[in-house]
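> Given next are the chains, with one letter for each unit.
2 protein chains.
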Amino acid sequence: MSGWIAVAGLGPGAEDLVTPAVSAALAEATDVVGYIPYVARVAAREGLTLHPSDNRVELDRARHALEMAAAGKRVVVVSSGDPGVFAMASALFEALEVAPEFAQTDIRILPGITAMLAAAAHAGAPLGHDFCAINLSDNLKPFEMVEHRLRHAARGDFAMAFYNPRSKSRPHQFERVLEVLREECEPERLILFARAVSTPEERIVTVSLAEATPEMADMRTVVIVGNSATQRVGKWVYTPRSAGGR
Amino acid sequence: MSGWIAVAGLGPGAEDLVTPAVSAALAEATDVVGYIPYVARVAAREGLTLHPSDNRVELDRARHALEMAAAGKRVVVVSSGDPGVFAMASALFEALEVAPEFAQTDIRILPGITAMLAAAAHAGAPLGHDFCAINLSDNLKPFEMVEHRLRHAARGDFAMAFYNPRSKSRPHQFERVLEVLREECEPERLILFARAVSTPEERIVTVSLAEATPEMADMRTVVIVGNSATQRVGKWVYTPRSAGGR
Numbered sequence: 001m002s003g004w005i006a007v008a009g010l011g012p013g014a015e016d017l018v019t020p021a022v023s024a025a026l027a028e029a030t031d032v033v034g035y036i037p038y039v040a041r042v043a044a045r046e047g048l049t050l051h052p053s054d055n056r057v058e059l060d061r062a063r064h065a066l067e068m069a070a071a072g073k074r075v076v077v078v079s080s081g082d083p084g085v086f087a088m089a090s091a092l093f094e095a096l097e098v099a100p101e102f103a104q105t106d107i108r109i110l111p112g113i114t115a116m117l118a119a120a121a122h123a124g125a126p127l128g129h130d131f132c133a134i135n136l137s138d139n140l141k142p143f144e145m146v147e148h149r150l151r152h153a154a155r156g157d158f159a160m161a162f163y164n165p166r167s168k169s170r171p172h173q174f175e176r177v178l179e180v181l182r183e184e185c186e187p188e189r190l191i192l193f194a195r196a197v198s199t200p201e202e203r204i205v206t207v208s209l210a211e212a213t214p215e216m217a218d219m220r221t222v223v224i225v226g227n228s229a230t231q232r233v234g235k236w237v238y239t240p241r242s243a244g245g246r
Numbered sequence: 001m002s003g004w005i006a007v008a009g010l011g012p013g014a015e016d017l018v019t020p021a022v023s024a025a026l027a028e029a030t031d032v033v034g035y036i037p038y039v040a041r042v043a044a045r046e047g048l049t050l051h052p053s054d055n056r057v058e059l060d061r062a063r064h065a066l067e068m069a070a071a072g073k074r075v076v077v078v079s080s081g082d083p084g085v086f087a088m089a090s091a092l093f094e095a096l097e098v099a100p101e102f103a104q105t106d107i108r109i110l111p112g113i114t115a116m117l118a119a120a121a122h123a124g125a126p127l128g129h130d131f132c133a134i135n136l137s138d139n140l141k142p143f144e145m146v147e148h149r150l151r152h153a154a155r156g157d158f159a160m161a162f163y164n165p166r167s168k169s170r171p172h173q174f175e176r177v178l179e180v181l182r183e184e185c186e187p188e189r190l191i192l193f194a195r196a197v198s199t200p201e202e203r204i205v206t207v208s209l210a211e212a213t214p215e216m217a218d219m220r221t222v223v224i225v226g227n228s229a230t231q232r233v234g235k236w237v238y239t240p241r242s243a244g245g246r
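So the sequences go chain by chain: A and B.
Under the UniProt record's numbering, the first sequence has 90 at position 90, and the numbering climbs by one with no breaks.
Under the UniProt record's numbering, the second sequence has 141 at position 141, and the numbering climbs by one with no breaks.
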């Protein structure tokens with residue numbers, strides 16, 4: 001039997017946001033690899049080997065998946081959210097780039113509900129107009145690039161979604177992000193902190209940029225900044241479809 | 001029985017990309033409203049009334065949904081992709097804004113797999129780093145705003161996904177989009193034209209910006225422009241997770 005790899009997005013947390021395509025791949029898999037908390041979301045069963053691994057070992061994990069597929073295994077690489085958004089799909093192709101002996105591997109990328117879109121849905125429709133997604137972590141890029149992109153996103157009046165806004169190892173950077181936003185945007189700009197979306201611990205807080213504090217975000221939070229037209233209606237936050245006088 | 005509205009994303013086309021949450025809402029619905037081709041994706045059954053409507057009547061449709069929910073109906077408003085990305089969620093809140101008598105309506109937004117993420121998955125991982133989503137239609141915003149956002153997205157070195165790139169009524173604008181991109185980006189920049197993703201007619205073509213022509217896009221196409229580091233490996237296109245020397 002020939003092996004394959006499916007890089008699958010498990011969505012933000014709720015079972016009913018996992019696509020049937022991902023469930024089908026998991027049902028056929030012999031091996032599941034991924035970051036510990038994501039592998040923990042896959043039910044154990046006979047014939048399935050779980051390979052949880054630590055954070056920041058994405059390339060090793062991708063290489064391991066390629067080796068197993070070459071040995072005939074049916075491997076699902078799990079990401080939370082969507083595997084193509086700051087997750088394992090790029091890591092797999094990076095591993096493939098430096099290991100041409102695996103060029104013929106049967107690979108599929110299975111999309112998932114990414115955190116910003118689940119957060120947006122539960123808050124209303126804050127990303128209902130043009131928007132950007134920015135990973136605030138500087139593990140893999142200099143923080144100056146984050147700042148550069150923030151300013152362009154603000155000057156283009158994009159709504160913005162921030163992944164990995166804050167960690168214990170870099171508590172000051174999100175403070176700097178808020179400073180940059182305050183330089184570029186009006187104080188009334190709406191900003192949403194959406195934590196653990198679609199899980200029992202979900203909490204979504206909406207404040208003005210003037211009221212936002214760094215402690216409102218942690219690594220389980222997706223932050224959404226509205227554009228200049230984003231507004232509230234009742235408990236909802238949404239961005240109108242029209243802009244610039246239309 | 002009290003009525004409700006679920007604004008649901010049907011995903012890009014394939015049945016196995018419809019989330020269980022959306023399927024459950026459709027199973028409980030008494031009424032489905034939406035643009036004709038999206039309502040056509042919902043199976044008819046006893047007790048379910050389908051209300052297909054034309055394009056560009058989003059506010060009328062949203063108002064109709066609010067009225068039916070107030071009358072006790074269980075209404076699913078269907079969008080393709082994700083309802084919060086250039087789709088019906090914002091339209092519903094716009095309708096709610098001008099009709100405070102419906103303020104107490106039970107509303108849920110159910111996310112879906114949006115076209116750019118399905119296209120990215122089938123192409124590889126071109127949105128694996130920071131990216132923007134831009135609606136190129138000027139129905140609801142002046143084209144100058146599109147151009148302004150394009151330049152900021154390019155100068156921020158974001159990857160970009162374009163929705164509604166081209167229609168019969170405005171064939172020249174996508175030509176102008178390509179011109180702007182050529183002013184801002186190098187000729188080798190990769191650009192993907194992903195048509196009818198996840199349907200039997202799916203076709204994904206990747207070319208350099210120098211080779212791109214306006215006819216490569218139509219209204220069923222999502223266009224993805226890589227960032228300056230986006231590359232090919234075999235048949236795949238991906239954007240590395242690292243940038244700026246990390």
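Keep in mind the hints are simulated off the structure, nothing from the lab.
Just so you know, not all the hints are guaranteed correct.
It does not matter which identical chain is meant; a pair holds if it fits inside one copy or across any two.
Here are the computed lysine-lysine pairs in the DSSO-like style, where the Cα-Cα straight-line distance is at most 30 Å [claimed, not checked]:
1. 73 to 235
2. 235 to 141
3. 168 to 73
4. 73 to 141
> Are the hints correct? Go through all of them and say.
Evaluation of the provided hints:
Proximity of residue 73 and residue 235 under a CA criterion of 30 Å is satisfied inter-copy only: 22 Å between copies versus 48 Å inside one chain copy. For the identical chains of this complex, residue 235 and residue 141 are inter-copy neighbours only, at 26 Å across copies versus 37 Å inside a copy, given an alpha-carbon limit of 30 Å. For a Cα distance limit of 30 Å, the shortest separation of residue 168 from residue 73 qualifies neither inside one copy, at 37 Å, nor across copies, at 48 Å. Taking CA atoms no more than 30 Å apart as the test, residue 73 paired with residue 141 passes in neither setting, with 34 Å inside one copy and 50 Å between copies.
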